[in-house]
Amino acid sequence: MSSSIRRSLLAGERLWQRARFACKQAPTRIARDIFSWRFALLVLSSLIVVYPLLWVVSLAFSGQQSLTLVRLPEDAGIAQQLMVLIPLPEHWSLANFRAVLTEQPFLRWLGNSLIVAFATTIVGLSLSCTAAYAFSRFRFPGRARGMLLFLISQMFPAVLMLIPLYVIVVQWLGLGNSWLGLILVYSITALPFCVWMLKGYFDTLPFEIEESALLEGASRWTIFTRIILPLARPAIAVTGLFAFMTAWNEFILASIFMDEESRYTVPVGLRFFVSDYASEWGFFAAGSILVSLPVMLLFLWLQRFLVSGLSAGAVKG
Amino acid sequence: MAVIELRGVSKCYGNGPATVPQLDLEIRDGEFMVLVGPSGCGKSTILRMIAGLESISAGDLLIGGHRANDLPPRDRDIAMVFQNYALYPHMSVFENMAFGLRVRDFPKLGIERRVRDAAATLGLSELLERKPGQLSGGQCQRVALGRAMVRDPQVFLFDEPLSNLDAELRVQMRGVIHRLHRQLGTTSVYVTHDQVEAMTLGSRIAILDRGVLQQVGTPLELYNDPDNTFVAGFMGSPPMNLVRVEDDGVQLVCDLLTLPRPKLRGLQQHLLLGLRPEKLVYAASAPAHWPRLRGEIELVESLGAEMLVHLRAGADQVIARLPGLRVFTLGDVLELAFDPAAVYLFDAASQQRIHRDGARAGVGA
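Top to bottom, those sequences are chains A and B. My numbering puts the first residue of the first sequence at 1039, with every later residue one more than the last. My numbering puts the first residue of the second sequence at 79, with every later residue one more than the last.
The set of hints was computed from the structure by calculation and includes no laboratory data. We put the beta carbon where it would ideally sit given N, CA and C, even for glycine. Hints are supplied without guarantee of correctness; some may be wrong.
Some chain B residues well away from chain A (every beta-carbon gap over 10 Å; in silico) [unchecked claim]:
{"hint": "1", "residue": "158"}
{"hint": "2", "residue": "162"}
{"hint": "3", "residue": "356"}
{"hint": "4", "residue": "412"}
So the derived list for chain A, only partly shown, Cβ under 10 Å to chain B, looks like this [to be verified]:
{"hint": "5", "residue": "1197"}
{"hint": "6", "residue": "1200"}
{"hint": "7", "residue": "1241"}
{"hint": "8", "residue": "1245"}
{"hint": "9", "residue": "1252"}
{"hint": "10", "residue": "1256"}
{"hint": "11", "residue": "1257"}
{"hint": "12", "residue": "1268"}
Estimated spans, in silico, between C-beta atoms of each pair [unchecked claim]:
{"hint": "13", "chain 1": "B", "residue 1": "118", "chain 2": "A", "residue 2": "1082", "range": "54 to 64 Å"}
{"hint": "14", "chain 1": "B", "residue 1": "241", "chain 2": "A", "residue 2": "1241", "range": "16 to 26 Å"}
{"hint": "15", "chain 1": "A", "residue 1": "1199", "chain 2": "B", "residue 2": "230", "range": "56 to 66 Å"}
Please model the entire structure based on the sequences and the hints provided.
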């Protein structure tokens, strides 16, 4: 206990000294940094990224539905007119969030999306992990061609598949308005990318580790689950996130497959706040922010698996 | 413990020429057999065929008297140590060593005891909780050894296990492996391209060139009695000097030396004369009847206790290992002598050794 306190005290002391050192030579350095072109470029690009987000946040917290955040007096001066460019609501309010969560079926849509996205991740990952392992390790006829076909399938725009998928999933399989239909379609459309991604990673894992396990008496399945999958965690995390986001953000297919309002996924539902018959921009903005929260949380949680070089030290090449 | 027999084993990839054409080799029970040869000679392929990691194209592999060609690796009761360790990076040292026993459903207490015993033997007891990433190369290889040991297999296979270590560690690990083999007495096959490792570790050595077995024997047999120029040139450091000589009916002649023609039947006109560098001595200290060898000093490599002196005369070149320190001037002519009994003769065309009738030792004058 006392040692940890002493350590943090030492760390604090060091930090203080570094700060003092920085202060001594600070004025010239800070000035040089601020007036450099790099700094300007970074500020500019940050503004470009942040500005639209600022609009959404302001709309969401404005408590109203209109796109006009500030009502200008008739005789507004140039300065006032310029102020409109900065999107800040006149009153901050949580009304939009409250309404979206209670008055609208938003929570239901969120639930639909979560179910579909998580199921897609699980189904997509289990299919692509096994497929990628086979493509990486086994030699079978059609191996190279199969990988090529995966690649080719990615070259066509997704909209192209709209009609065939509708026919297959809704008319033939009768899976319209069901989670299962969406899960199937999403996990399979995500498959080519996931397989390529994972195969690339599996290829970097040394063969000898598996050969060694094979000699020790492990079966292929044991090797796959107890050695390869744990080693491929960073790649699986990234691929899983991709599969999740494919399902989470998809709009067109979901809007066609799902007719009932109670079956909507979040992107489809959001669209209905702003349509021909309604323009509830406030709900739309509040909903968008709520939609991005799960992805953000997932990102934060997955970050710890993205440690690179997990296999470092396994073998010496 | 098991005898391994390879009977006419060959390996081809696709339709290309055979990597290993036809190999007959018996590895005796409890023996430490070293397969040695230059890279690409098929030694690793042979090892991998014994392990079951490569299929056998033709011939029979017998382990403990049973045909093992079609046995999957896990049923051969073999443990292998790889050049790059091949440890499981996400498992601790303990888990690495226990893995093989776990997948074979060993009782938990037995696993614990065996792993701790092996760790104690290899000096790994302090490291059991570490991950391979936190170990040095030598420690990694000791873990790999321990992982092989705990299962108490019939056969150990080593695929150039010391190649990734630095020189000092290599010597140390050589000692560890040697001691281990003496303790356990398990039949071992060891692949290396380093003739020093082969000489120091092997109970017997098999020398291979382009997939073909050149000679099998104890280290000293191979050193003293090479069957052909390849074996002669491979064993020993620096290797045996091989000088082209002509038989003029009376003498064997080349630019460096002349030697009375040995009384041998069927001598060809073109011969290769083999002479170990350590068999050359200063002419002044040699008996008068020993043949002389004269050449210009081209290079002197001083190793402290001894020197390697490179001599050249015309197109011929020899290396002499001479004791002590003496200052030479490059370009000077040096006269050395050698015992005529220490000379080996090879047929220049077939590269095969020409033995004196009946005798297996050197060829006398």
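Hint check:
1. Look at residue 158(B): its CB is around 5 Å from the nearest CB on chain A, not clear of 10 Å, so calling it non-interface is violated.
2. With a least beta-carbon separation of about 4 Å from chain A, residue 162(B) fails to lie farther than 10 Å from that chain, contradicting its non-interface assignment.
3. Its beta-carbon lying about 36 Å from the closest one in chain A, residue 356(B) satisfies the requirement of being farther than 10 Å from that chain.
4. With a least CB separation of 45 Å from chain A, residue 412(B) remains clear of the 10 Å interface cut-off, as annotated.
5. Checking residue 1197(A) against chain B: minimum C-beta separation of about 42 Å lies over 10 Å; hint violated.
6. Because the beta carbon of residue 1200(A) sits about 43 Å from the nearest beta carbon in chain B, more than 10 Å, this interface hint is broken.
7. Interface restraint check for residue 1241(A): the shortest CB-CB distance to chain B comes to about 16 Å, outside 10 Å, so the restraint is violated.
8. Residue-level restraint check for residue 1245(A) holds (minimum Cβ-Cβ distance to chain B is 9 Å; threshold 10 Å).
9. Interface hint status for residue 1252(A): upheld, as the beta-carbon distance to the closest one in chain B is roughly 5 Å, under 10 Å.
10. At about 5 Å, the closest approach between the beta carbon of residue 1256(A) and any beta carbon in chain B falls short of 10 Å, and the interface hint on this residue holds.
11. This hint holds: residue 1257(A) has a C-beta 8 Å from the nearest C-beta of chain B, less than the 10 Å allowed.
12. This hint holds: residue 1268(A) has a C-beta 5 Å from the nearest C-beta of chain B, less than the 10 Å allowed.
13. A hinted range of 54 to 64 Å for the beta carbons of residue 118(B) and residue 1082(A) is consistent with their spacing of about 59 Å.
14. At roughly 24 Å, the beta-carbon separation of residue 241(B) and residue 1241(A) lies within the given 16 to 26 Å, and the hint holds.
15. Separated by about 58 Å at the C-beta atoms, residue 1199(A) and residue 230(B) satisfy the suggested range of 56 to 66 Å.
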